[in-house]
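Given the coordinates of chain V, assemble chain S onto it according to the supplied hints.
Protein sequence lines correspond, in order, to chains V and S. Add 43 to the 1-based position in the first sequence for the numbering used here, that's all there is to it. Add 43 to the 1-based position in the second sequence for the numbering used here, that's all there is to it.
In the EDC-like style, the derived pairs of lysine to aspartate or glutamate whose C-alpha atoms are separated by at most 16 Å in a straight line are:
hint: 1; chain 1: S; residue 1: K596; chain 2: V; residue 2: E638
hint: 2; chain 1: V; residue 1: K590; chain 2: V; residue 2: D60
hint: 3; chain 1: S; residue 1: K75; chain 2: S; residue 2: D419
hint: 4; chain 1: S; residue 1: K375; chain 2: V; residue 2: D558
hint: 5; chain 1: V; residue 1: K363; chain 2: S; residue 2: E638
hint: 6; chain 1: S; residue 1: K224; chain 2: S; residue 2: D263
hint: 7; chain 1: S; residue 1: K363; chain 2: V; residue 2: E638
hint: 8; chain 1: V; residue 1: K516; chain 2: V; residue 2: E536
hint: 9; chain 1: V; residue 1: K375; chain 2: S; residue 2: D558
hint: 10; chain 1: V; residue 1: K269; chain 2: V; residue 2: D217
hint: 11; chain 1: V; residue 1: K596; chain 2: S; residue 2: E638
hint: 12; chain 1: S; residue 1: K129; chain 2: S; residue 2: E95
Sample of chain S residues lacking proximity to chain V, with all beta carbon distances greater than 10 Å (derived):
hint: 13; residue: G145
hint: 14; residue: P227
hint: 15; residue: F320
hint: 16; residue: F333
hint: 17; residue: Q537
What follows is a list of derived Cβ distance ranges for each label pair:
hint: 18; chain 1: S; residue 1: L509; chain 2: V; residue 2: P377; range: 36 to 42 Å
hint: 19; chain 1: V; residue 1: M44; chain 2: S; residue 2: E426; range: 51 to 57 Å
hint: 20; chain 1: S; residue 1: D643; chain 2: V; residue 2: Q537; range: 33 to 39 Å
hint: 21; chain 1: V; residue 1: P377; chain 2: S; residue 2: K77; range: 53 to 59 Å
hint: 22; chain 1: S; residue 1: D643; chain 2: V; residue 2: S634; range: 53 to 59 Å
hint: 23; chain 1: V; residue 1: G145; chain 2: S; residue 2: L366; range: 43 to 49 Å
hint: 24; chain 1: V; residue 1: T595; chain 2: S; residue 2: L509; range: 49 to 55 Å
Because the hints were derived from the structure by calculation, they are not lab data. Note that this is a predicted model, so its numbers are computed, not measured. Don't be surprised by glycine CBs; every beta carbon is placed ideally from N, CA and C.
2 protein chains.
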Amino acid sequence: MPSYTSPLRDINFVFKDLLGFEKLYAKYPQSKDKMTSEIVEQYLEVASDFCENELLPLNAIGDQQGCKVQNGIVTTPDGFKEAYQKYVELGFPSLTGNEEYGGQGFPSLLWIAISEILTSTNWAWGMYPGLSHGAMSTIESHGTDEQKEKYLTNLISGIWTGTMCLTESHAGSDLGLIRTKAVPNQDGSYSITGEKIFISAGEHDLSENIIHIVLARLPDAPLGTKGISLFIVPKFNLDTDGNIAERNGVVCSALEHKMGIHGNATCVLNFDNAKGFLIGPENRGLNCMFTFMNAARIGTAIQGLAASETAYQGALTYAKERLAMRSISGIKNPDLPADPIIVHAPVRNMLLTQKVFAEGSRALAYYLSTYVDIADLSTDELEQKNAEDKLALLTPIAKAFMTELGVESAKHGMQVFGGHGYISEHGMEQIARDVRISTLYEGTTEIQAVDLLVRKIIGSKGNLLLLLTDEIKNFLNMNQGNNITQPMLSKLEQVVNQWIDLTEDLQNKVTNNLDEVGAAAVDYLYFSGYAVFAYLWAKMAVIAQEKIEQGTKDEFYFAKVSTAQFYFERILPRTLMHAALIQANSDSLYSLSPELFKFD
Amino acid sequence: MPSYTSPLRDINFVFKDLLGFEKLYAKYPQSKDKMTSEIVEQYLEVASDFCENELLPLNAIGDQQGCKVQNGIVTTPDGFKEAYQKYVELGFPSLTGNEEYGGQGFPSLLWIAISEILTSTNWAWGMYPGLSHGAMSTIESHGTDEQKEKYLTNLISGIWTGTMCLTESHAGSDLGLIRTKAVPNQDGSYSITGEKIFISAGEHDLSENIIHIVLARLPDAPLGTKGISLFIVPKFNLDTDGNIAERNGVVCSALEHKMGIHGNATCVLNFDNAKGFLIGPENRGLNCMFTFMNAARIGTAIQGLAASETAYQGALTYAKERLAMRSISGIKNPDLPADPIIVHAPVRNMLLTQKVFAEGSRALAYYLSTYVDIADLSTDELEQKNAEDKLALLTPIAKAFMTELGVESAKHGMQVFGGHGYISEHGMEQIARDVRISTLYEGTTEIQAVDLLVRKIIGSKGNLLLLLTDEIKNFLNMNQGNNITQPMLSKLEQVVNQWIDLTEDLQNKVTNNLDEVGAAAVDYLYFSGYAVFAYLWAKMAVIAQEKIEQGTKDEFYFAKVSTAQFYFERILPRTLMHAALIQANSDSLYSLSPELFKFD
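Just chain V, same shape as in the assembly (with noise of 0.2 Å):
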């Protein structure tokens, strides 16, 4: 099992130094007192240590063991179901819940650092309370009260998760495929039908009832995605004080054999007459899942920053110790056989890139989840639409780049492993198969390339682009840089100059070649990846560097600027090629048809 401890003194880096928490959180009523360093540092503590002593020892236990389904009954691996109880007795579920349901009331950035931490330590684990807060959020936002009451106040306890159940075997990313039926009954419940597969935590034994979302159709329901509602199917009907009654008709007909996340439940759902009551309009069940799946691809997003830091950990814990050749430009350790190989430049090159990831990655998704909370929080119509605006920006880059770089970075970690990356007991390579979900689920890479050139870029004519580079300005005006931050800003100022004029380009294709746009899409989702991992590394070498002349002896801060170096120096160069690649030719990627893709 690969070497991890909580990387706190980073998080503490991004909540303090770059968010300014406490001033941000100060400006909102419901957050002024919550988001506190000491309360925020108190929780992250205990979350550290559930993480690191309770669900790290069952992370390669829950690989191997997985989850086992008789009759409909899902057993998950050997302390899962402890584990959780301690999860609710520390009140985990409760802390982003609407306070009049008993929740904490706490803003997404607290539970998104906690949720890095649990991703890091057990990935399967971590996806039972991931998918519960999917549930919670879409209950929170659309549902009756008379719903909140029955459950969100058991979602939020946590004594009942829930699930999102969505996906069927031939409607994936294309929802408006879906057949699953909802017909009405007198009393004013539905009657699901259908089968739903890839549900995630679909069924389990940590909770005493589980409470499915469910997308359906109601009978004469228009074709294709206007025509899907959503409703509220619990595991257990509830009688009329809320308490469990008998089992609602869904039931687990089979487990998925995946490549990982073997210790989550994957499930096929049958629904034969399950009572499900509507929530939300008519109809307009997807636009109502838009807030839920914005929370799952930023949920995403963490998962991929969880295995670049892990993937970071192991690999760099190896490094140190494992011997192999000598240094290149000389001996190193005289002393034994060989010198260790984190001296090697290949070595270092993929450890750095790792490093560079993960804390880009930490620094990018909490800096998100600020938008989610002033979205939330404001009350000023300008600051809301700024921050939904960044949101529906950022949001696909996240999910997309930093999964990608997860799966690029537990890579690398198996490569400084050697052959003993491909060994289940090193835990390398269970990292590579539990993160190569999280460019798959909740829209692959490629569509949220395709959402994030077509529907936001060119959707807004540009506009959402030029809100975040407007701020990325304002950022290089009042930052000038010394020696050391110099190269960096103006490395930056480039990036961000060719990140526009690309954009320009594709928004002239529009009316001439729209297959040019598409071609250029995952290309383009890469390019913006890197060019906001400049802002945000720029920022934070400005911020260590301005400690460092303040006289700062806290070896920290000269390492976030050596590592912001190695981001200009040796990362950002890849944006030549996604620029190469967003304006070449596309002739080619049309030009045959599928009967001559292959001759046998």
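Below, chain S alone, put in the same frame as chain V:
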């Protein structure tokens, strides 16, 4: 399980159109009558039949069941043993074997093509005969006549198999650190004692006997790589007539739990005073291993090719069937509820990327193996030297680049499948797990990169590179191109000139900054890979375009030209990034001390 059909049409193109194999092999008396179209086609068809019908159905079974060990006895998955019997009956083990010892004496090109198909249909199974080839070629090159008589005959017939025992738990890439001891006995044999790990096919139930080739140290041998000798250690000792006698002191104490290739037994082998026989001169074991290691690297490159091809075929079939969304430029299939996903630019881009990887890798591997054969068959010193030099240069490129492309292709395969890519029954995730070993074993990508840049390029003062770039320039001089091929040829010319310039820059850095050379190695390797692919794709485009101009109606050639255009337009721009990184400042790579990498 993804669909797969042997790509005989493309193999045929590479053999005939690209390599002109009949004319090439007609030059040498040993291969003249063997390498005819008729014979080669017949062998490839028999191999395809066997692989598609016997090995492919065992691929998922092997992955699910894995190998089992009990009291040192290893059981392979259901059907593996029977398939091996059939393979022996068909005479495949003897294909390239020395005719004096019962072999068929074919050049390696034919074996390389067959092993592509073997690996494509069942990677784990294909490793058993693959390792035998390593043992055979080692004994063939360095064994005495008596050793050949005793061991080679039964290896060639296939009733025995072989292994290569190099790695120890603390010594992988750095074999100079191995500790296994060989103590001379009175009778001229040696007692071998030590533990070897990661021994593929180290113990199993496929064959009567297993011949281990083992690296060990003689008493008082010099430290490091110059004190390693090579031994033959049979699983069962032989009596004076060469028949199987008592069990030797080598036992499989455990099987590794791995990310993939579950059907292959990756053994921990304990040698406890096992009887061994010196092969080659004392303390020259590593030199003797180079023959094997180069062959093993080309074999691993083939595995990368196989992953590119199988992931491509699986994804292509799915992309034609799966319906989701409408094409960005308008509905393509109005009769269906959605368009097949092959219409979407990001999906097409992934499929064509896989296609250029698979076909380009095939071209490179087969081209490379003609040099293996020329080095072996030619009696012309100059021709032989040229072949050996090309091999020295191209082997690390092929090994590292083709396996990395295989990893990327497998990733695209999963992405095309969306969430279904993560589910075992579709088989795409198995390809992704299996292929991950290929960038690790036989020297990681990073090790190959250092071998290429430091040993081969700088070690030859750039001369090895010039040998290849002269060949490319010669090709460019002979082919001016037409309006279709000229843009590709001109891009090839640019990238080759840049390759030469970058190499000169790096050579100049050797005296003043070796660290910068190390920092550039991995990007130099990728740049080299894309440059070599540019050469081969240009050559294939020119050949196909000539056929078109000669009036062919075979759509294969039109598709080949179009695929080449895709390579030059949408893959080759990756060299921009690698060139920038080769030239990038590497200060930030070395500025952090190991202590400053992480803060808790």
